[in-house]
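Read off the chains here:
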Amino acid sequence: MSARATRRRMRSWGRRQLYSFFSSLGALVSHRLGTLMTSLVLGIAVLLPLGLYVTVDNLRGLDLQRENWGTVTVFLQADAGAEEAMDLAALIGREHAATVTVVTPEQGLAEFQQASGFGQAMELFDENPLPWVLQVTVQSASAEAIEPAVRSISEWLDGQDVVDSVQADFKWLQRLAGLLALGDAFVTVLTVLFSLAMVVVVANTIRLDVANRAHEIEVLHLVGASNGFVRQPFLYLGFWYGLLGALLALILLGLCMIYLAPPLERLLDAYGNTFAVRGLGAGGGLLVLLSGGLLGLLGAWVSVQRYLRQFRLPESRGKG
Amino acid sequence: MISFEHVSKRYPGGVTALQDVSFLLGPGEMAFLTGHSGAGKSTLLRLILMLERATRGQVFVDGRNLGTTPSRFAPRIRRRIGMIFQDHKLLSDKTVFDNVALPLMIAGMRYPDIRKRVRAALDKVGLLSKERSWPLTLSGGEQQRVGIARAIVSMPPILLADEPTGNLDPELSQDLFRLFRQLNSQGVTVLIASHDLALIRAMGQRVLVLSQGRLIDDIAGADVAGAAP
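So the protein sequences, as listed, match chains A and B. Everything in the first sequence is counted per my numbering, starting at 6 for the first residue and increasing by one. Everything in the second sequence is counted per my numbering, starting at 41 for the first residue and increasing by one.
These are calculated hints, taken from the structure and not from any lab test. All values derive from a computational prediction rather than experimental measurement. Errors might be hidden in some of the hints.
[Said to hold, decoys possible] Reference listing, derived: stretches of chain B covered by chain A, where coverage requires no fewer than 3 residues with Cβ under 8 Å from a Cβ of chain A: (1) 79–93; (2) 105–116; (3) 137–149.
By construction, the Cβ of each residue, glycine as well, lies at the ideal position given by its N, Cα and C atoms.
Start from the sequences, fold in the hints, and give me the full structure.
Right under this line is the structure:
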């Protein structure tokens with residue numbers, strides 16, 4: 006084929022695409038209510054996994070900021086005094102990447118009386134029964150690195166003579182990590198399920214659309230339209246539905262965040278965190294829009310293909 | 041241009057619509073296809089349009105053996121054929137202009153060319169003033185002429201018509217046949233399925249007679265006038 010003929014073909018193809026493009030837009034606009042309802046259903050379907058994702062993502066950010074989750078409480082021997090406590094604190098500072106807070110028995114007692122309400126019981130003792138305590142906070146770059154760091158420093162501290170016992174609350178960290186992993190898994194499962202739902206919803210909407218336009222499709226076939234020409238406007242339509250659904254989901258997500266962020270930030274401020282609720286970001290938003298559009302396209306394809314199959318001629322018998 | 045060689049068509053379920061039909065319609069020839077309803081006229085047209093495949097025998101259109109043509113080429117065959125339907129098959133949500141423009145849109149023609157061609161076709165059927173109208177606001181005869189404009193707008197070498205005068209009064213029918221003859225004189229091969237015997241006789245063209253799926257008569261144009269129905 007000559008270059009000229011190829012160019013002519015490309016131009017014809019482009020004009021047909023343009024025709025399909027505008028024809029699909031026309032269909033959207035002429036059925037405003039239906040379009041809105043379909044998009045809303047899709048939007049809510051997208052919102053659910055998206056909302057959970059944003060929640061889990063924000064929790065993970067919280068995890069990193071709570072550095073005192075890497076804190077080990079070290080109880081010294083009862084006969085150890087201020088000198089041993091200070092020496093050990095200095096040693097920890099030299100040997101490990103950690104900050105140390107020294108709690109004197111007096112401070113400990115005051116805290117205990119305040120927190121437990123056993124203040125009067127403590128008065129039964131002649132002298133302060135509490136030992137010196139060190140609070141060792143591991144410095145770590147990431148949430149994943151905290152656990153091994155805490156484990157290793159705990160073992161080292163256990164080996165020191167002046168140390169009576171070491172308490173590190175791993176369970177708590179493990180539980181949180183477990184919950185986050187579960188959240189991630191939920192996001193994955195919901196994403197798969199709701200993607201499927203999206204394809205099905207678009208496929209069903211397009212199926213009705215195709216059925217409504219059966220006469221038009223018949224006429225198009227009769228005057229020489231290929232299946233591709235018949236299919237194209239519906240594919241665009243599916244893409245629009247998916248795109249609008251994703252857009253609505255993003256808008257709904259934004260509204261939810263505007264509504265939820267201030268009380269959440271106040272709550273977390275009360276825990277001493279400077280914390281800002283994170284959204285999806287521009288890249289994430291674009292990805293959601295694109296995925297929505299592509300899932301819509303897939304739904305439309307499934308539906309139109311099923312419909313067109315019934316017009317398929319038996320294949321040629323060959324010669325004779 | 042159109043050639044049938046021992047063509048039979050049996051539908052699934054055992055109904056035999058055509059049986060051993062053979063005829064040849066040369067380029068630029070015009071013929072009527074007649075017979076009672078159920079004689080196989082529509083099936084014959086559907087075979088030419090590649091809407092069905094023959095069970096036995098060969099159908100040739102425009103030099104191509106349809107039996108060995110893959111299904112994906114069917115649209116290309118149909119674009120070489122202008123088809124006029126008894127029920128017009130117009131799209132009621134598109135204007136007359138857009139209806140007629142449909143085959144050209146499918147071909148991916150440039151809009152200025154589409155405009156020129158559509159207006160020429162509408163002018164030919166006398167409906168240029170109605171290009172912005174909606175099909176449902178037109179009379180039956182006008183709708184039929186819109187269908188004809190759509191069939192001829194891409195200047196196909198073959199024109200098929202299925203009972204084109206079905207709902208028209210005699211005068212309009214005569215106009216229509218005159219238009220067919222005019223197109224035929226410009227070199228278009230024309231095949232018209234009709235049972236309007238009076239008109240067929242008046243036209244003096246070749247007539248193919250179908251009965252119960254068999255081609256029982258093939259009368260040359262010169263012998264038509266005055267022949268028994």
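May I ask which of the numbered hints given earlier this structure violates, with the numbers listed in increasing order?
Violated hints: none; all satisfied.
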